Amino acid sequence: MPTATYIPLQTITLSSSASSVTFGSIPGSYKSLVLVANYSHTASDVDALVYLRFNGDSSNGSMVGMRGNGSTTASYTQANMFMSYAGGITTTRGNSIIQIEDYSATDKHKTSLVRSDLSNLKTEAIANRWASTSAVTSIALVSSAYSFASGSTFSLYGIAG
Amino acid sequence: MPIPLGILAAAGVRAAGGSYEHIQTYNVGSSGSIASVSFNVASYASTYQHLQIRAVVSAANTAQWMNIGFNEVTSAGSYYSHFIRGTGSAVNSFASGGEGLGAAYMAKFSSNPTAAVIDILDPFEAKNKTVRALTGNATAETFGGPIMLWSGQYMSTSSVTSVEIYASSTTFNAGSRISIYGLKAS
Amino acid sequence: MTMQVIQHIELSSASSTIDFTNIPQNFTDLSVALSLRSSSAPSSSAINDGGITFNGSNSNKSGRLLYGQGSAAASATYTDLYIWYPTSLATANTFGNISITIPNYANGNVKSTSHDIVTENNATFSYTMIFAGLWNSTAAITSLQIYANGTTFVAGSSATLYGILKGSDGTTTVS
Chain A
1 MPTATYIPLQ TITLSSSASS VTFGSIPGSY KSLVLVANYS HTASDVDALV YLRFNGDSSN
61 GSMVGMRGNG STTASYTQAN MFMSYAGGIT TTRGNSIIQI EDYSATDKHK TSLVRSDLSN
121 LKTEAIANRW ASTSAVTSIA LVSSAYSFAS GSTFSLYGIA G
Chain B
1 MPIPLGILAA AGVRAAGGSY EHIQTYNVGS SGSIASVSFN VASYASTYQH LQIRAVVSAA
61 NTAQWMNIGF NEVTSAGSYY SHFIRGTGSA VNSFASGGEG LGAAYMAKFS SNPTAAVIDI
121 LDPFEAKNKT VRALTGNATA ETFGGPIMLW SGQYMSTSSV TSVEIYASST TFNAGSRISI
181 YGLKAS
Chain C
1 MTMQVIQHIE LSSASSTIDF TNIPQNFTDL SVALSLRSSS APSSSAINDG GITFNGSNSN
61 KSGRLLYGQG SAAASATYTD LYIWYPTSLA TANTFGNISI TIPNYANGNV KSTSHDIVTE
121 NNATFSYTMI FAGLWNSTAA ITSLQIYANG TTFVAGSSAT LYGILKGSDG TTTVS
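Chains as they are written, first to last, in this note's numbering: chain A, 1 to 161; chain B, 1 to 186; chain C, 1 to 175.
If a hint is listed, it holds; no wrong ones were tucked in.
Covered stretches of chain C, going by a simulated chain A footprint (3 or more residues, C-beta under 8 Å): (1) 55–65; (2) 68–79; (3) 94–105; (4) 110–116; (5) 120–132; (6) 159–169.
Listed below are several chain A residues computed to face chain C (Cβ distance under 10 Å; list not exhaustive): (7) Ile7; (8) Phe23; (9) Gly24; (10) Ile26; (11) Asn38; (12) Gly70; (13) Ser71; (14) Ala74; (15) Arg93; (16) Ile97; (17) Ser138; (18) Leu156; (19) Tyr157.
I should point out that these hints are in silico values taken from the structure, not numbers from a laboratory.
If you're wondering where the values come from, they're calculated on a predicted model, not measured in any experiment.
Backbone N, C-alpha and C define an ideal beta-carbon position, used for all residues, glycine too.
Chain A on its own, in the form it takes in the complex (with noise of 0.2 Å):
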């Protein structure tokens, strides 16, 4: 019998600027993590970017991403996982979305997909891999200069399955 299945878990609204947000405590009861971020930031910086973190680990992250700057097209791979990479961070609004399959095994590495998207500077698709078996309990986006901008929302969800 189908099951009502997409799961609101977190939500923070930031009321005040801040480096980094982190979920914690996941429950590992899901088949799928959606993270729906929405935000600014404090400066703009077309060098800047979010990294996406797992469990605190900063180390066993790579990454494949792809993006159009409106002008022209990049590729590039990084010894990180990241939300947002390439096109840097703006004091206009952007989304991104994070998919991570599989979130809670513990038989094989996580990968996820990122969609991100800042109007006046790129719209970017990410593959990460996190090198790591243990399940995710936790997930950190760390702006690498300048804060999320008050009124940030970042939304987790788990899915069913």
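Chain A is already provided as a structure; the job is to place chains B and C on it using the hints.
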């Protein structure tokens, strides 16, 4: 009785229960060696408007690709597909027709798990079936699918009765998981 | 439960627009699923453009696009919230497949949109696209129109509007 959060007794807003529902999950077991997964969706035509598949997979041959097919139709002329991808060094775009196992090159296998979120709109309507997928595995390679936005079409106006996910020229490894969900329109 | 259909519209006859009005304000985000095809080809192409309008306002919109056309990839900048779809010159009975996400549609910030767009065609030429949009308005979105440029959407074209509600499970923590 207070109205539950998120529910309005107004036209166009539906009662609690949700519009996104899990239908079935296939977990490839410890023996692995499964070349395809088939979901029978014929009985859901009156329940759901759209379908979504979420998958995380690996395969015995990491040089191969994952395909999607419908109604067990494998004739090459029934499918066509396109994608844009980032290889880690370049963005490129390709088209592929007539691969014989469904719409081809939807996702590439690698030593990393490959993730895919696949959206099939109006599968039960009298139109060709257009599929959109975001797939990737973060493995930089020139002919691979590290990060891709993919589209495919099944050129038949028949209602979808089954959806097949193929490990083309290989088999899914143990630990692979493919889930199908239904999205309601009322 | 989190994801609820607000309204589903399937055209029974050709129309240049699909309109959602009186959008309830109690959700957090909107998600729109579009299956579109046009009755003609204004630019003599298998693909045509259209757009999204909020609250009847056709100004203060912008976006950036990354797209593949089956043989090459490119990027472009726009002053509208664009979509693309197959025309009468595309393979018969083929409709496009679009997802648009609009977080925080009802709050007092400007509205950013994320579009994932595919068109399809039994030929090399077809679009796969991602698009970052912005409606530079702090107004809550109460109506949403999908429109075709210079043509009409055929009967059978459909649009499904979902509301997604944030929440707290009481277990997951934030810091």
